[in-house]
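Chain order of the listed sequences is A and B.
Per this note's numbering, the first sequence starts with residue 1, numbered consecutively.
Per this note's numbering, the second sequence starts with residue 1, numbered consecutively.
Honestly, the hints are just simulated from the structure, not real lab data.
Be aware that one or more of the hints could be misleading.
To be verified - Now the in silico label distances, taken between C-beta atoms and shown as ranges: (1) A/K44 with B/G62: 48 to 56 Å; (2) B/K163 with A/E83: 31 to 39 Å; (3) A/Q149 with B/N221: 21 to 29 Å; (4) A/R46 with B/E232: 40 to 48 Å; (5) A/G81 with B/K327: 51 to 59 Å; (6) B/P326 with A/Q36: 29 to 37 Å; (7) A/G274 with B/T131: 53 to 61 Å; (8) B/G268 with A/A276: 20 to 28 Å; (9) B/E243 with A/R46: 21 to 29 Å; (10) B/N120 with A/E135: 22 to 30 Å.
What the hints assert, rightly or not - With the C-beta cut set under 8 Å, the calculated list includes, among others, these residues of chain A facing chain B: (11) V38; (12) L42; (13) K44; (14) S92; (15) Q132; (16) G134; (17) G144; (18) R200.
Think of the CB as a built atom: it goes at the ideal place given N, C-alpha and C, for glycine as much as any other residue.
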Amino acid sequence: MKNLFLPGLLWMVLHLPILAIAGEAPDAHFFTELQQQVQTLLPKVRPAVVAILTGDGTASGVIMSEDGLVLTAAHVAERPGRELQVILEDGSVISATTLGLDKTTDAAIMQLNEGNRKWPHVEVSRQVIQAQPGEWCFALGHPGGFDEQRGVVLRVGRIVKQTANSLQTDCVLMGGDSGGPLFNLKGEVIGIHSLIWEGRDENMHVSMAPFLRSWDDMKSSRVIRTWGIGSGGYLGISTDVNEKGELEVLDVFADSPSEKAGLKSGDLILALNGEAITGLPQFTQAVRIRAAGEEIKLRLRNLNAEREVTVKLGARPKEKG
Amino acid sequence: MKRPSKSAWLFLTLCLAPLAHGELHAPLKPEELTNGTQTLAPLANLQKQVAQNAALLLDKKGKAVATATWVGDEGYFITKASEVSRLEECSLQWGAGPAVKIREIRRDSRDDLVLAQAINVKGVRSVEFITAKDLDYGQWLVAPAKAAELKMGVFSAQKRPIKGYGAAIGVRMDDKTPAELKGVRIIGVAEDSPAASAGLQANDIMLELAGESVGEFRRVNEIISKKQPGEEIEVKFKRGDKEDHLYVRLASRSRVLSNWDGEDFANGGISIRTDNFAEVIQHDLPLNPADMGGPLLDLQGRAVGVNIARVDRVTTFALPSEIFWPKIQKWLEVDRHPPKALPAKSEKTEPTPEQPPQS
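Construct the complete structure from the given sequences, taking the supplied hints into account.
Here it is, written out as structure tokens:
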């Protein structure tokens, strides 16, 4: 189960020059109201939360349409066309097929395979910007795997930080939660559990942005590996984790900052500014939190030779047409 | 050189920021998190109460090991038994005064609770237990951390019994230890396990466990399988040419096996005993193992149970009050009528702190 997360990553602080929230504390009555809101929503959203058997572990997901589309994390789905077992709240097991995924942001969708059934499902929030730091939210999932006696596990907390494609909350997650839903107080999905750092308030969720942006591609079982719109620094490469678990450059785009710096497809990315790279989401995050114009040092290996290159991050090019 | 004052900087930030990122809020500061001081400020009265309802238990080295829940004015408390296998060697932190001695009254391994009395402590604020039967998903619960700070979380999973899988010591053993070694060689010690905490190392040869000699690994398993998590056993072993002995406090088998390399990200560690409970409430309060034994309360300050096991990063178990409170009340009754004399050793004057030998 531990491989469902990428543990041991260093937390990187993101300083945004932005407004501090007015420091207004809620009164005690506020908590009872919040409790009532969560308790009213729970029976509606719980039946849509599923456990996913991935073959080498367990994860979570959430059904978001009557015809059985399931949101989960890309590191759970791994690739399109996999057939996985899904466990509903009542313990019944359904087969599902993975569709497309966005490897840079850890977003993925799957399709439940029993056709003519109307699935319990939840709504997805389309107002990504509203999932702001300070908002209350709740996480559901199957930490440690499906346990019928225990049921879905609830955690209530606040959004700590919002970035272009992710949310950080203090709803504590662990292995098995991956792919499970984060809800706002309207009962809409605002995040999909993705990874954790060691601190209890360091729980990361994919926001709805990558899902909304790439919905048609993902439904058509496409794999997305490039940076998303609205991201920070831009390298102009596509990468993936190879069989040995190393991050490999698959393609270097023409006229990109990476091409100018001399990156070649087949280069393995070992470290960014001295920080060891252990996976794609970590690398994506490390690039995206840096602004265009910033210089980064990449430690690379090709065949047996290691080298270090300096890349001046660009801004993501505008789409043509 | 004069620098702009702090408030001037703040003013500049406030003025400029909306132009650039008007719609984005800043990441939360620590005090704004769910369990941050600012968020919990409205619960100030409850905060005061939970700190009075509990006290910290320290082992003889002064390390916090468990939390006491006050259950009777005359210093009666309950706590998690398996974290304090030698309770009378522990002391209790009471106000600003010196650490208080403890008299153990009765221990119950089934529920993993122990009833005891803090000697010469009067006028504590006992908890008021109510049934936990009406708790439901999403209900706020609070508890003391370090017997002082209020922590908040929710009832997060269905109430249920937790099966026991016995005890473990946390060593990998050589299944082909040569006969001339007359023992069992340890080839690996699990991170944060009973064996590791006690100081056993790879390549130590275990000679005797709990007074029984061991010649092969199956014998070790046999001896440990008869024990309960929280029990302490003596291990005689050989390191190099030297024979030595130490005491290992066994932990739940499921805990040791699932966390062999410390991979569960528990953040503060997990309890010695994490299973074999008649019924538990599961909640998401950010507590640590030393907070176990402390009370679990609702927002009205009524105790619904006692925190009994920190299990993993997301899981803490509490025993619902109806499981143990009727029994504890009976024990209290027995101990009060007639009042028991305090053990002789507690009457003695406090020994002076250890002094280096003088010559």
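For the restraint on A/R200, tell me whether the closest CB of chain B is nearer than 8 Å. It holds, given that the least Cβ distance between A/R200 and chain B is near 5 Å, below 8 Å.
Would you settle whether the hint for A/Q132 is holds or violated, based on the nearest Cβ-Cβ distance to chain B being less than 8 Å? 5 Å, holds
Hint says 40 to 48 Å; check whether the CB-CB distance for A/R46 and B/E232 agrees. At 43 Å between Cβs, range holds.
Could you say whether the range 53 to 61 Å given as a hint is met by the Cβ separation of A/G274 and B/T131? This hint holds: roughly 57 Å between Cβ atoms.
Under 8 Å is the threshold here; is the Cβ of A/V38 close enough to any Cβ of chain B for the hint to stand? Because about 4 Å separates A/V38 from the closest Cβ in chain B, which is inside the 8 Å limit, the hint holds.
Does the Cβ pair B/P326, A/Q36 satisfy 29 to 37 Å? This hint holds: roughly 32 Å between Cβ atoms.
CB of A/G81 to CB of B/K327, is that within 51 to 59 Å? With a Cβ separation near 58 Å, A/G81 and B/K327 satisfy 51 to 59 Å, so the hint holds.
With chain B as the partner, please determine if A/G144 meets the hint condition of a C-beta pair closer than 8 Å. Since the shortest Cβ distance to chain B is 7 Å, the answer is holds.
That 22 to 30 Å hint for B/N120 and A/E135 (C-beta), does it hold up? Roughly 50 Å apart at Cβ, these two residues miss the hinted range, so it is violated.
Given A/S92 as an interface hint, is the shortest Cβ-Cβ distance to chain B below 8 Å? 18 Å, violated
Between A/K44 and B/G62, is the Cβ distance one that fits in 48 to 56 Å? Holds - the Cβ-Cβ distance for A/K44 and B/G62, about 51 Å, lies within 48 to 56 Å.
Restraint satisfaction for A/K44 [CB to CB of chain B, less than 8 Å]: A/K44 check fails; min Cβ-Cβ to chain B is 12 Å, beyond 8 Å.
Consistency note: the structure conflicts with the earlier hints numbered 9, 10, 13, 14.
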